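K.L.:
Protein chains in written order, with the working numbering: chain A, 12 to 208; chain B, 16 to 252.
Calculated from the structure, these hints are not laboratory results. Wrong hints could be hidden among the right ones.
To be verified - Here are the computed lysine-lysine pairs in the BS3-like style, where the Cα-Cα straight-line distance is at most 27 Å:
#, chain 1, residue 1, chain 2, residue 2
1, A, K133, B, K76
2, B, K76, B, K186
3, B, K186, A, K135
4, B, K182, A, K135
5, B, K76, B, K171
6, A, K40, B, K148
7, A, K41, B, K158
8, B, K184, A, K196
Since this is a predicted model, take the numbers as computed values, not measurements.
What follows is the residue order along each chain.
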Amino acid sequence: MHISDGVLSPAVLAVGTIIAASGVAVGLKKISYREMPTLAVLTSVFFVASLIHIPLGPAGAHLILNGLAGIILGWGIFPALFMGLLLQAMLFSHGGITTVGVNTLNMALPGFLCWKLFPLIKNKQAGGFIAGFGGVAGSVLMLWVSLGLSRQSFIPAATIIAAGHIPVAIAEGLVTAAAVVFLMKTSPELIGSCNAS
Amino acid sequence: MHLEVFSRGNSFIHFLNERVKIAVFIFFSFHTALTPSLNVLFLYFAASLLLFFVARINAKKVLQRLYAVNLFVAFFWIIIPLSFPGNYRHGAEIALAVTLKANAIAVFVMALVGTSPLMKNISALQSFGMPDKLSGIFYFCIKYISVLHADYTKLKEAMKIRGFRFKTKLKTYLVTGNMLGILLFRSRFHSETLYNAMLCRGFEGHFSSLFKEKLKGKDFVFISASFVFFICMLWIQ
């Protein structure tokens, strides 16, 4: 899911990095010092959660949870995912260092849209599923676009990667729906806890 | 959870200043990612191998990481006949460039960034102008990753003892979601503790770092050698 170094064209890298950097800047501005520890700890939760492997038929996948991160963090999703991806690249060589901006944008933007969409859905279980599914599906779509814009000949590869992520998106939707229902019962104030406005 | 696999050692690179290593790393990795020239890429790959040998980091762990990197890269080789019908040579050149770039940068990360403790790296990034809020979140986040990983391991063990097995079925996903809910629920207490600790210490919006070392002779040698190499690469390109 993360794009590794050396794949994207300079133009895509530059545009993606600039948009992601603006998102991170706005996210940081909207977070007060009171909310900072919450954002930091939640970022660690999502980092640890991304190490959880779920079985998917013969293969497996790790959780991405950008939909859930969006619902909980709001604007904070940009700095949170930037940090998560930078740490993954620095510590485990997952994804890339030069592509960290594009990867942040690809993951955070769909999550951010889930945050906007979630309050409009009455049934929170369905809302959780849509956020989980939509988060991954949106990221895969953006991955497809960034690979396709970098080089047209990457489109077949990007299409195969995208198709492979449909089961992941469904599993992610189910996990997110269960987590949202749990949180609505136990700590509803956590939903949207890192968005000052 | 042990995050810093390569940070301990007594090689030349381990004793270099983090600011120097990160500056060299940024120039090398961005030029590697952006250059179209295969010759330059071969030289950067050779440079990354040289750094790996000088840093004397655990070869087995490096190979494990590179294996993961190359799984993604291998995909571009397999897909050549689909992506470049009739022009396999051009396709192979592009796949080779992607392979060299991804591997060289991965080794740069391990040999240059990985050989310093994370906290020192963040302190170096702070001195390069990373915003205070971001570095604060970074410090806390790294601190709490191990705490939350311990929480997660405990929950997983408890589930195992009760006979739960991860399988491809609806129940597994719902239970995983609930487990995640518990982790998020508990994180509230951690963040309250953290906030109270900040208040107790009289937090004023700035994170001071304890790591402030001056550049030494070695640092100047390393940065000059890297600079000469970088200029040569620009010239060859």
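K.L.:
Confirm or reject each hint.
P.N.:
Results for each hint:
1. K133(A) with K76(B): 49 Å, violated
2. K76(B) with K186(B): Violated. K76(B) to K186(B) sits at ~35 Å, over the 27 Å cutoff.
3. K186(B) with K135(A): Judged against 27 Å, a Cα distance of about 19 Å means the pair holds.
4. K182(B) with K135(A): Between K182(B) and K135(A) the Cα gap is close to 26 Å, so the pair holds against 27 Å.
5. K76(B) with K171(B): Since the Cα atoms of K76(B) and K171(B) sit roughly 26 Å apart, the hinted pair holds (cutoff 27 Å).
6. K40(A) with K148(B): Given pair K40(A), K148(B) holds - Cα atoms ~9 Å apart, limit 27 Å.
7. K41(A) with K158(B): Judged against 27 Å, a Cα distance of about 23 Å means the pair holds.
8. K184(B) with K196(A): The given pair, whose Cα atoms are some 24 Å apart, holds under the 27 Å limit.
When the structure is compared with the earlier hints, violations turn up for hints 1 and 2 and for no others.
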